[in-house]
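Those protein sequence lines, which keep their order, are chains H and P.
Take any residue in the first sequence, note its place counting from 1, add 43, and you have its number in our numbering.
Take any residue in the second sequence, note its place counting from 1, add 8, and you have its number in our numbering.
Hints listed in this document are in silico derivations from the structure and should not be mistaken for laboratory results.
All values derive from a computational prediction rather than experimental measurement.
The beta carbon of each residue, even a glycine, is placed where N, CA and C say it ideally should be.
The reader is advised that the hints may include incorrect statements.
Claimed, not checked - Simulated restraints, written as ranges between beta carbons of each label pair:
{"no.": "1", "chain 1": "H", "residue 1": "G71", "chain 2": "P", "residue 2": "E25", "range": "37 to 45 Å"}
{"no.": "2", "chain 1": "H", "residue 1": "K110", "chain 2": "P", "residue 2": "S54", "range": "21 to 29 Å"}
{"no.": "3", "chain 1": "P", "residue 1": "N26", "chain 2": "H", "residue 2": "Q57", "range": "48 to 56 Å"}
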Amino acid sequence: DTAVSQTPKYLVTQMGNDKSIKCEQNLGHDTMYWYKQDSKKFLKIMFSYNNKELIINETVPNRFSPKSPDKAHLNLHINSLELGDSAVYFCASSLSSGTYNEQFFGPGTRLTVL
Amino acid sequence: KQEVTQIPAALSVPEGENLVLNCSFTDSAIYNLQWFRQDPGKGLTSLLLIQSSQREQTSGRLNASLDKSSGRSTLYIAASQPGDSATYLCAVVNNAGNMLTFGGGTRLMVKP
Chain H
44 DTAVSQTPKY LVTQMGNDKS IKCEQNLGHD TMYWYKQDSK KFLKIMFSYN
94 NKELIINETV PNRFSPKSPD KAHLNLHINS LELGDSAVYF CASSLSSGTY
144 NEQFFGPGTR LTVL
Chain P
9 KQEVTQIPAA LSVPEGENLV LNCSFTDSAI YNLQWFRQDP GKGLTSLLLI
59 QSSQREQTSG RLNASLDKSS GRSTLYIAAS QPGDSATYLC AVVNNAGNML
109 TFGGGTRLMV KP
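Chain P on its own, in the form it takes in the complex (with noise of 0.2 Å):
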């Protein structure tokens, strides 16, 4: 059974460090992998999504690493703001490419 752990479960930074979220996962055969950001009481905003063919995805200061061998992704932020303060949650898909199985989460905190 698939299962998938993100470290570290909280992070505190001062504005404009950068910042690397990680996350891995059990089973190496997977569809793809998808990162999504939740604000509080909010819905899940996806952020970047990773086939199993790639390596990386960029989206503006964002960037994500996939390597599916070793069952790890990570999530890049670049000079974070405190509008990036939220959860970051790694999602994987199985190859059935039907199921989304989550992670706990980084609960990230940006101070001004």
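Just chain H, same shape as in the assembly (with noise of 0.2 Å):
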């Protein structure tokens, strides 16, 4: 009955190489988001997409392209990774419609590259 899922929960790999981190929630939101959590602990906001449309794109190269299937994934995609994309990802959902509302966030993936 977890809410927030994400996998995998940990990643090593590669310079160079591509990999993807998938998220599914099950609370009925229809706002996802990406948080990316440096090496001195903080919290930024990556992307946001309501009903899958991209609503928030925050300064992120192009190697990321998060994609949402729909309303309840919202899938992370890194092509040619890099030492500094070695940090913890988290995924976030929220109810909008208007409203803002509490948002609930995943376990985290921590991801490291060699």
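Could you fit the two chains together into a complex? Lean on the hints.
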């Protein structure tokens, strides 16, 4: 009965590889997000999708491409991984409809680029 | 551009103490403010959400206040316990209601 789930939990890969992180929510929310938490533990939004449409794209390199096949899923694909991409990536979801509700976060995916 | 600052960055207290965590933000045009807890290696757990029209919210031993005009919020933890040890994050929501901006967090250690 997990609300927001992410796979994988850990991802270790070589520089230059392409990888994907998956996110699913079963809360019936219509908005999903990707956040990056760097080594200094600072959390910053990367993308926001509402009803499968991109709403926010915060100066993220175009090597990062989110894909939302439906309202319950928001996947993050990263091309040509770099050392600086090492971080914890969090997915979140919320319900919009003109009123902001709480964002619920997934457990995070720790990405290590060697 | 919204900036959120949390003070102190780290705090160590003996069990049983009451404590206050501070959060300030530069743009007072916010929709609401949310306090989260993050345990090491884990995700974020929402603690309290204060709408911009509210002054405070309470949940158990936690009380969060909001002074939108001065760009400040505080999280008050009463009778702290070792289980409260975690990083506490403050985040403000923009007026469009679709974007959270986080502070750097306060790392709390409650010693038995």
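Which of the listed hints are not met by the structure? Going through the list in order, the structure violates no hint and respects every one.
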